Amino acid sequence: MVTAVVGSALVAAVLSWAFCGLVRHVAAQGGAVVPPRPDRWHSNPTPTMGGVGFALAAAVVVLAAQLLPGRNLDQPHEIAIPIAAVAMFVIGLLDDRLQLSPLAKLVASLVVGALVVFVIATGQGVTLPWPVTLAAVLWFGGVVHALNLLDNMDGLAGGIAMCAAALMAYLWAPVLGEALVLFLGAIAGSMVGFLYWNRHRARLFMGDSGSLFLGGSLAAASLVPLTAPIDGFVQTAVVVGLVLVVPLFDTSFVLVLRRLAGRQATRGGTDHVSHRLVSLGFSERTAVRILYLIGLSAGVLAFLVQREGLQPMLPLVAVSGVGLVLVGIYLARVRAYDAEDFRALQKSSFAPFLQDLTFRWHAGQVLLDLVLITACYYAAWRIRFEGEAFDNFFPFFAASLPIVIASKLGALYVSGLYSRSWETFGLMDLMAVLRGVAFGSVVSVLIAAYVYRLEGFSRAVFIIDAILLLMAVVGTRASFRAMGDLAHVRRKQTRRIVVYGAGASGQLLVREMRANQAWNMRPIAFVDDDPVKLKRYVMGVPVQGRMEDLASILATQQVDEVVLSSPAIGAEREAAIREACAEAGKSVRRLFIDLR
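For any residue, its number in my numbering is found by taking its place in the sequence shown, counting from 1, and adding 5.
Derived from the structure by calculation, the hints contain no laboratory data.
Predicted model only: the values in this text are computed from it and were never measured.
Note that the Cβ used here is the ideal one computed from N, Cα and C, for glycine as well.
Any given hint could turn out to be false.
[Claimed, not checked] Pair ranges (Cβ atoms, derived):
1) A520 x V116: 34 to 40 Å
2) R551 x I598: 20 to 26 Å
3) A443 x L406: 15 to 21 Å
4) L103 x L68: 25 to 31 Å
5) A465 x I84: 52 to 58 Å
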């Protein structure tokens, strides 16, 4: 079957490339062009209706495959799911032409979802409890519109849908059936052909016909393993969530923040995860690639959970969830709304609660550490006792977990960790983490020794746990600073600065450049006359030379400006520096520090 799936994907890719090229020409001639708008990201008029091209390509491949000898549709869902995808495609096509209301699209998706759930349950011979049926219908509608909302930047929705379709076909081939696996393979292939036209800068958009077709296909396909009468529903749900993590994360992120800003959930805007990444300084291509990387990483984790089981992979799942939450919190701080958008929020009954969460999020930090402590302690036992041995020692883990949580949370609080800023995490903050983790580990060992006499415990578990928790706490606390530094380095519109003087004033200047985005300045090199500092890195910035090297640095490093940081630079040396910069056409400024 692998050969057939790969072949269908390749054929679909070629057909999609050809059909989308034709659709682009027809759309441009027929006026199906999306003009630039304030609530949309693109800046040039772009033909749309690309969904017609890749949906047609996938349909041709699937229909042709069914005409081959030996192809049989054994399960009702093998027919129902492609039909559901076509139904959502038609709804999207109507929306592209007639501008359906958000309510009409929501109702239509729920109707299609209910019919899909009925066919899948009937075909599998199961009677779903009514809460499960309701959840499945809502899940279908949610995934459909998540893909629709994800179509907000060139190449994003198509690339994520391609990865998700390929992962679903691979992970659930036995449950889905051959026909549906071929269908998902054709979708993945058709996305390859479409992305030729949709990658930055896009020459063709998919339109709602395309995004709803993709959403309907993936949502319906994901319902098959979720409703299958097999053990391990929680594991299957986790795997499905990981496969679709990017659209689910982006949609949840946008809906929550729009609600907090007093905006309508259906109101378009440039406030998605991808837009905020660009606002941080990443290029559009880099922002899309970051989301690709998140999707692929989650896909690898989904594969591991499917192969190894949920329990062994639980620490990785927990850490990944924490990481995603931290990314969301950091991106939520990026300005995307006007102040007037928050007037409705300020008048709401829950405004005081939200204000308290905004300025005093200590409770969130404690809950985060609760998850980290549990995950690290569990991982330590897993690492020490593998396979069947872990099952024998699991009761000791479960019995001692409350002691470990109490000891380490208390120690982290006493160390002063919760009063420290994440944005400026440094050496002194690291010492607080070391004190808290070390003290908590010692206390937990002493209590375990007193209560259990360490019978059934391995001392290596506590050592591994301390190392893992130290890494986890440092990683979370340093994440905001790391993301800020990374965004600053990748920022395209910043001026590239050479700092003359790598002493205390120069280091202070570099810190301010990185912390103050309004300056739009990025230090790329130091110049310093101290031979001890030559060819070294100071605060991550290389000391590239002395005064005599300044001219070559200006000529080769794409420098925008030179800033003199040291008060020790005399008038004669300053004149020589300004002369060298004038010859290279670079501006010069001097840092003045005055305390009055």
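Mind listing which of the numbered hints don't hold for this structure, in increasing order? 1
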